[in-house]
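Q: Listed below are the residues making up each chain.
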Amino acid sequence: MQRGSLILATLVVVLAVAMFAGVRFGLMLLIGLGFGLVLEGLRFGFAGPWRAMILHRNPSGILAQFLAIAIVACVALPLIEARGGELLGAQAPVGWAMVGGAFVFGVCMQVVLGCGSGTLVNAGSGNPVGLLALPFFALGSFAGSWHLIAWTELGALPIVRFTGWTGVAITLFALASVAYFFVRQAAPEHRRIPARYVFAAVLIAALALLNLVVAGQPWGVVYGLGLWVAKGASLVGVDLSGSAFWAASASAERVDSSLLTDYTSLTNIGLMTGAFLVASWRSASLTQKLPILPIKAWVATVVAGFLLGYSSRLAFGCNVGAFFSGISTGSLHGWAWFVAAFFGSIQGVKLRPILGLEARV
Amino acid sequence: MTRRTTARLGMVLLFMLVIADIIAAPPNPHKQPSIIALGSGAASSGGFCGALPE
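First to last, the sequence lines map onto chains L and R. Every letter in the first sequence is one number past the one before it in this note's numbering, and letter 283, counting from 1, is 283. Counting the second sequence from 1 gives a position; this note's numbering is that position plus 361.
Calculated directly from the structure, the hints in this document are not laboratory data. Among these hints, one or two may not hold up.
Unchecked claim - Residues from chain L that face chain R, not an exhaustive set, calculated with beta carbons under 7 angstroms: (1) Glu86; (2) Leu88; (3) Ile159; (4) Arg161; (5) Gly164; (6) Val213; (7) Gly216; (8) Tyr223; (9) Leu259; (10) Gln288; (11) Leu290.
Claimed, not checked - In silico contact screen, one side only, chain L against chain R (beta carbon under 10 angstroms); selected entries: (12) Gly22; (13) Leu27; (14) Gly124; (15) Ser125; (16) Gly130; (17) Ser141; (18) Ala143; (19) Ser145; (20) Val168; (21) Leu172; (22) His190; (23) Arg254; (24) Tyr263; (25) Thr273; (26) Val320.
Being a predicted model, the structure only gives us computed values, none of them experimental. Every residue gets a Cβ at the ideal spot worked out from N, C-alpha and C, and that includes glycine.
For reference, chain L alone in the conformation it holds in the complex:
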C-alpha cells in the first residue's frame, strides 16, 4: 500500500476512535502511534542498548534512555506535585517479588531481544520471534496479575517516592551518577550519544509527557496486555472472581469496558501499528526472509514470552512502566527494577545463543 494511503487509513481509524469512544481515547491511540513510529523509525529501544553495553561496552543507547527519562522527570515531577489529583505517577513498593520479577524480566528480554515496548514493535515490524512471544507475554501478564497479590505478601517496603523539585534534583543526580559509571566503563569510541538517539530520546520524552497529561497516568505496556487476555477469558466463561486482582471492582469494570477506553491498550495498539507503518515504508524491512531457527529457539521464545508477562506484573511494570515511567515519576521501585533487570540481562545475553536464538559465538 502507498505511504499516503496508509497514513490516511490510520488517521481515519484514530478519528473513528475519537468519535465512537471519545476524543481522549483517540488522542491516546495517536500517542501510541507516535511511540511506534519513533521506536521503529529511529531504531530506538531498550533491550538492544543494554545488550550493546554488556557485550561491547557501548552505553550510548542507555545514555539516550537516561536523557529521555531526565527530560520527563524535569516536567512530570513538578506537574504531578501541582496537580496530584489529576495526574498520577508510577508508584509501587520495592519488595522481594518485585526485584525477582525484574531480574527474570531482564533475563527474558535478552533471550527474545524484546522488552515490553520492544516485543510490540518487533511484532508490528514482522519479527517472527516478537510475534510469537507477544500472545504468551499477554498470557503471562494475565497470570501474573492473577497471582500478584499473593506474591506481594512475600514482603515489601512502603512505597518511596521522590516528589516535586527535590525529586527532580535526586533523580537527575542519580541518573548522572549512573551515566558517569557507564561512561567510565565504555570503550573510548562509544563515549557519546549519536544524534539519532538524542532525537529519539527527545521525541520519546515528549510523547511520554503527552501520555501523562492526556491520560493522567504515565506510559505503560504490561497492564493492557493482561487485560486483553482477561477480557477473552471472561468472554469464554472463565470465572475471574477467584483472583483478588481481577475481581477487584476497578479491574472488573475495565474487563467489562471497551478496550478502546483503556489507555495502555490504546498505546499498545498504536505502538504496534506505528511500527508496522514504518516497516511498510522501509523497502528492505518486510522483504527480509524469516530466520530459520531450531525448535528449542521457538520453545524458548514461548517460555520467555510468558515469563516476560508474568515477571513484569510482579515487578510492577516492564522497561516502560517500571524503569522509564517509574524513575521519571520519582518511584524508587524504578531504580530497583533497573538494577535487578540489568543483572538479569547479563545472564540473558549468555543464554540467548545457548537457546539457539543466534549463532553460537
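Could you slot chain R onto chain L? The hints should help.
A: Relative to chain L, chain R alone:
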C-alpha cells in the same frame, strides 16, 4: 516466506482482537471523559502496571 507475511499476520490478529472487543463491549461516546486529564478536575482512574487494585 518474508517478514511481510508475519507483519501482516500480526496486524490482522490485532484488528480481529479490536473488532471482537467492539462487538462484545461497544464503546459509549456519551460516557467519555474530558479531552485531557490535566485540568479536568477528575482523578486518574486508568489501569496501570504499577498499581495494585484498591
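Q: Enumerate the violated hints, using their earlier numbering and listing them in ascending order.
A: 3, 4, 5, 18, 20, 21 and 22
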